[in-house]
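Engineer: Here is how the chains run, residue by residue.
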Amino acid sequence: MHRRTFTRALTALALVVPLSAAAPTAFAQTTLTNVSYDPTRELYKEFNAAFAKSWKAETGEDIRVQVSHGGSGKQARSVIDGLNADVVTLALAADIDAIAKATGKLPADWQKRLPHNSSPYTSTIVFLVRKGNPKGIKDWGDLVKADVQVITPNPKTSGGARWNYLAAWAYGREANGGDDAKAKAFVAELFKHVPVLDTGARGSTTTFAQRGLGDVLLAWENEAYLSLKEFGEDKFDIVFPSISILAEPPVAIVDANVDKSGTRKAAEAYLKLLYAKEGQTIAAKNFYRPVSPDLAEKADVDRFQKLKLVTIDKDFGGWGKAQSEHFGDGGTFDQIYKPN
Amino acid sequence: MPGFGLALGFTVLYMSLLVLIPLGAVVAWAASLGPTRLLAILTQTQTLNALKISFGISLAAAAVNAVFGLLLAWVLTRYDFPGRRLVDATVDLPFALPTAVAGIALAAIYAPNGWVGSLLPFKVAYTPLGIFVAMTFIGLPFVVRTVQPVLADVDRELEEASATLGAGRLTTVFRVVFPTLVPALLTGFALAFARAVGEYGSIIFIAGNIPNVSEIAPLLIITKLEGFDYAGATAIATIMLAMSFVILLVVNLIEAWSRRRLGHAR
Numbered sequence: 289m290h291r292r293t294f295t296r297a298l299t300a301l302a303l304v305v306p307l308s309a310a311a312p313t314a315f316a317q318t319t320l321t322n323v324s325y326d327p328t329r330e331l332y333k334e335f336n337a338a339f340a341k342s343w344k345a346e347t348g349e350d351i352r353v354q355v356s357h358g359g360s361g362k363q364a365r366s367v368i369d370g371l372n373a374d375v376v377t378l379a380l381a382a383d384i385d386a387i388a389k390a391t392g393k394l395p396a397d398w399q400k401r402l403p404h405n406s407s408p409y410t411s412t413i414v415f416l417v418r419k420g421n422p423k424g425i426k427d428w429g430d431l432v433k434a435d436v437q438v439i440t441p442n443p444k445t446s447g448g449a450r451w452n453y454l455a456a457w458a459y460g461r462e463a464n465g466g467d468d469a470k471a472k473a474f475v476a477e478l479f480k481h482v483p484v485l486d487t488g489a490r491g492s493t494t495t496f497a498q499r500g501l502g503d504v505l506l507a508w509e510n511e512a513y514l515s516l517k518e519f520g521e522d523k524f525d526i527v528f529p530s531i532s533i534l535a536e537p538p539v540a541i542v543d544a545n546v547d548k549s550g551t552r553k554a555a556e557a558y559l560k561l562l563y564a565k566e567g568q569t570i571a572a573k574n575f576y577r578p579v580s581p582d583l584a585e586k587a588d589v590d591r592f593q594k595l596k597l598v599t600i601d602k603d604f605g606g607w608g609k610a611q612s613e614h615f616g617d618g619g620t621f622d623q624i625y626k627p628n
Numbered sequence: 245m246p247g248f249g250l251a252l253g254f255t256v257l258y259m260s261l262l263v264l265i266p267l268g269a270v271v272a273w274a275a276s277l278g279p280t281r282l283l284a285i286l287t288q289t290q291t292l293n294a295l296k297i298s299f300g301i302s303l304a305a306a307a308v309n310a311v312f313g314l315l316l317a318w319v320l321t322r323y324d325f326p327g328r329r330l331v332d333a334t335v336d337l338p339f340a341l342p343t344a345v346a347g348i349a350l351a352a353i354y355a356p357n358g359w360v361g362s363l364l365p366f367k368v369a370y371t372p373l374g375i376f377v378a379m380t381f382i383g384l385p386f387v388v389r390t391v392q393p394v395l396a397d398v399d400r401e402l403e404e405a406s407a408t409l410g411a412g413r414l415t416t417v418f419r420v421v422f423p424t425l426v427p428a429l430l431t432g433f434a435l436a437f438a439r440a441v442g443e444y445g446s447i448i449f450i451a452g453n454i455p456n457v458s459e460i461a462p463l464l465i466i467t468k469l470e471g472f473d474y475a476g477a478t479a480i481a482t483i484m485l486a487m488s489f490v491i492l493l494v495v496n497l498i499e500a501w502s503r504r505r506l507g508h509a510r
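Sequence order for the protein chains is A and B. Residues 289 to 628 in the working numbering are what the first sequence spells out, letter by letter. Residues 245 to 510 in the working numbering are what the second sequence spells out, letter by letter.
Think of the hints as simulated: they come from the structure by calculation, not from any bench. Among the clues, some could well be false.
BS3-like cross-link-like pairs, simulated, lysine-lysine; straight-line CA separation at most 25 Å [to be verified]:
{"no.": "1", "chain 1": "A", "residue 1": "Lys-433", "chain 2": "B", "residue 2": "Lys-367"}
{"no.": "2", "chain 1": "A", "residue 1": "Lys-626", "chain 2": "B", "residue 2": "Lys-296"}
{"no.": "3", "chain 1": "A", "residue 1": "Lys-389", "chain 2": "B", "residue 2": "Lys-296"}
{"no.": "4", "chain 1": "A", "residue 1": "Lys-480", "chain 2": "B", "residue 2": "Lys-296"}
{"no.": "5", "chain 1": "A", "residue 1": "Lys-565", "chain 2": "A", "residue 2": "Lys-602"}
{"no.": "6", "chain 1": "A", "residue 1": "Lys-480", "chain 2": "A", "residue 2": "Lys-626"}
{"no.": "7", "chain 1": "A", "residue 1": "Lys-423", "chain 2": "B", "residue 2": "Lys-367"}
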């Protein structure tokens, strides 16, 4: 009886193996690998289809785009460790900087190669609160009220959370006349109101939306809108704070990889299309702020509120500085969690 | 068997490829840091607390598993009841379930708005207690599966002899049956403990992950990696390896000692 099962399994294997081995040659086509971060799933699903269509129209070739999603830092590490990414579309420049520095597969000044700091779309940090805003949360200052609990991922493991952290810092600085020590005290107080530190943005959204924890979720603007769409508009409201940060998720070609696989042309066309009408329209539709709003649908663009936004380059001295100062070993984030 | 030389050669090669070389690489990486940096990383409050949390709760979870695993094994081998085979098969599920699924399921149930969490007067998910629940869950099969076959093999005649010599049921269980189970129980305890120390996937969903409170050492390793601090990550990995090795060695020694006491000496 056992022997028969075994023989059957072998026969099945013998039938399947040649089939799968033959498959790649039968459907030869170019494959492009885009290594992205967590909340872009919906965006790139739609954009890849648009790109495949445009590429077919232009060259007559079929192309398949593979996208891998995950925490931005983890994704960067996969590329460093050898994942053959043609393009990377990550949550923050620091992660692509790390790839450039560790592997030399793209030049150090990669961010200057495409317009708008290589970010075809931007986002910002907003508050997601429970329907009707029962705790009356209007601005950053309300987050440190006695009975308010705040949900955010850990900035050391989540790219999105670093934007959260810096946006809070920007508020603390502005509210205290530019005093960084007081800004730090505000952020420290804020994190005393955080009961759970998930490792990624999607994890925090789950904790807030499905586990029912916390009164406010610090979220990417696009994640906040997506939560409304996914969990129902009757569950949550979005609150726009008085000040936030311009989050620029950049894109780049990994030169050494595209040259090795001969996919440079396709990769360049891919990123170019992100800046064109198709990319801008799809980005706006998926709640990312397009850098050229006139190319996107007006109805989509009109959803975005005008906010006072600080920038990483002007207000925090660029990612190189902000990364080590706030999120490095012994940085301000480690300091605020030091038990006294 | 194909002879000692070949068998040993194969064992060494196999162990080297799968265990020794990867672990050696970790130690070598950490060693390249130099003793001063290594010590600086390991004596940080956050590191010490994470190690305390990981090892402390793992020991507690393994201890609880030893008690209740033994109970479960006892019920499964000594009694026949409808659905016994079903329960028996269920015990292995924590082995098979992807840890992330386990973590999400546990968090959903023990969260303040979950089925169990909403009934409890205290918080389980997102506290150190949540870590304990996850570690207990993943460690359960180890004790049951190591004790079960030994318990099934216990000679019934020994118990009968004990009874005819005038021992009560409790005396028989504690002085005749249990001593034969101790080595297997210790093995199960050690396995459950080792698994809990190394567990990451299920715990992060239910732990809360607050530094110094509910942050486990494996998460701290991931955190260091996210900051591209490979050296810091390997430093913590190395100390975890060393601590686990020492604890497992001690458990093995106790086990060998109890085996000898039982007359199983080789």
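Engineer: State for each hint whether it applies.
Structural biologist: Status of the hints after comparison with the structure:
no., hint, result
1, Lys-433/A - Lys-367/B, "holds (22 Å)"
2, Lys-626/A - Lys-296/B, "holds (16 Å)"
3, Lys-389/A - Lys-296/B, "violated (35 Å)"
4, Lys-480/A - Lys-296/B, "holds (22 Å)"
5, Lys-565/A - Lys-602/A, "violated (29 Å)"
6, Lys-480/A - Lys-626/A, "holds (12 Å)"
7, Lys-423/A - Lys-367/B, "holds (22 Å)"
Violated hints, in rising order: 3 and 5; the structure is consistent with all others.
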